[in-house]
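Spelled out from the first residue to the last, the chains are:
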Amino acid sequence: MSEIYNPNPVIFSTNKQSKSNIHSIWLQDDEGYGSDTYFDDIVEPIDQNEIFDLIRTIYDPEHPNTLEELNVVSAPQIKISGNHLHVEFTPTVPHCGMSTLIGLSIRVRLMRSLPDRFKVDIVVKPGSHQSELAVNKQLNDKERVAAALENPALVKTIEATLQQGVV
Amino acid sequence: MQVDLPYELKLIATLSGHEDRAWHLAWNPTKPLLASCSGDRSVRLYSYSPSALDFRLAASIPTGHTKSVRAVAWAPSGKTLVTASFDANIGVWEREEDDEDGAGEWECLTLLEGHETECKSVAYSSTGTLLASCSRDKSVWVWEVQPDADFECLGVMMEHTQDVKCVAWHPTEELLASASYDDTIRFYIDDPSDDWYCAATIQAHESTVWSLAWSPDGRFLASASDDKTVKIWKRTGQFQFKEVLVLTGHERAVFSLAWGKGKGGARSLGWLASTGSDGIIFVRELQEAEDTVTERLLTKVHDAHGVHDINTVAWCPTTGLEDILGSAGDDGNCKIWRIEPTGV
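Chains as they are written, first to last, in UniProt numbering: chain A, 1 to 167; chain B, 1 to 344.
For reference, chain A alone in the conformation it holds in the complex:
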């Protein structure tokens, strides 16, 4: 990165364990479903904490810290209503040029982890970013997201923020 938008972010302590099952970040595991197709229609409710568990470990693109450690994401900023998921995040500084990338990383993690039925909206916390509307519009434009995910350089950067098990 040529420019560091927030050279000295505040690091917050995190919960060692979340309230829900941390062993599986994949919500579509076989356990509990079995092969009986009659049960395919049964929708397991997914709660705020499970969503939070999926995104808390994403790394910030310009710091060796997770989004949870930087207080960029938190469980209360996640709203679930039926198949509609609304995720708000808080950029560390209002001029954060990495906001779109952070939002895209959150979207990719959720896209890969959640069942297809979820419609996901991702927005920055109101008032937390000087280009709030532009960032929100871009993060929720289907074509722009699809095109971004066909850009190898961008995908590489996103994959780096999504790496697992690095502490």
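Hints are supplied without guarantee of correctness; some may be wrong.
[Stated by the list, open to error] Pairs of lysine-lysine residues, derived as PhoX-like cross-links and limited to a Cα-Cα distance of at most 20 Å, are as follows:
#1 B:K228 x A:K119
#2 B:K228 x A:K137
#3 B:K234 x A:K156
#4 B:K10 x B:K67
#5 A:K125 x A:K137
#6 B:K228 x B:K261
#7 A:K142 x B:K228
#8 A:K142 x B:K67
Don't read these hints as lab results, they were simulated from the structure.
Computed from a predicted structure; not experimentally measured.
Starting from the structure of chain A, add chain B where the hints point.
The following block gives chain B in isolation, referenced to the frame of chain A:
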């Protein structure tokens, strides 16, 4: 259930095979042939008998585009197919005529380069002499279609301040409309003594304008937006448009519109289908009343592609098949529907 609605959407066929989302589909205007395109970078062509509507795969074209194929369009002659890709290029395709059946391979005659980023929409003018394209690079291009797959760029209009999502030609005139991420619709014509230029702009919606559809008689334009509404604009002068109706009901972004003749009466302005991220397909009949337009909801189907977004709806242009609608969704499928009176 939709017990109170006068029509229902009856599923005729589900065309699967794309390995990624189906972005768009286009009915051939002269032959029983349907083209679909996808994030898997391929185009699939389906042939059918107009009486039996028995769709079967006629060809699958890998295209060679290096990114998603976002849109397809047929020339009015039905002979040429164009593909718009996120790789910024436009492919021009025709079928080799190597036997009597014309059952040759589809070959890329030329690749139109010029856009700097994702090409999102392409459209032929009604006579087939002009082709328009648009891109995330904010530009709208008009190309002259010359013999032997030669295309000459007549104009590059850099009027929009953001991505251009859709281009749509007037059904009879050489008047082009474009819709954008900048929430506006713009109109372009050729100045006989100069170049193509933007003659009018409408601050149309509160968010991205995704799709445009002219009424079959060309007197109205419909626009669909991320603001969840569909608006009907009446053309009141050469470059003047007045909002006459706002259609609500969609729960998320509206991605696509199709305005066909339908099978309504003589007073009908035709049937308008709309769809989007909410997976709902609406079909409405529009009628002109004094200085305004009224809507009659014919049918509404939830989850038309299961839980998935629907990216495109398109009416079959063939006479007698005005009640046949195609849709393309994130499930990778294209579906063919018939709009039938309820209870038939």
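Worksheet entry | Hints breached by this structure | 3, 4, 6
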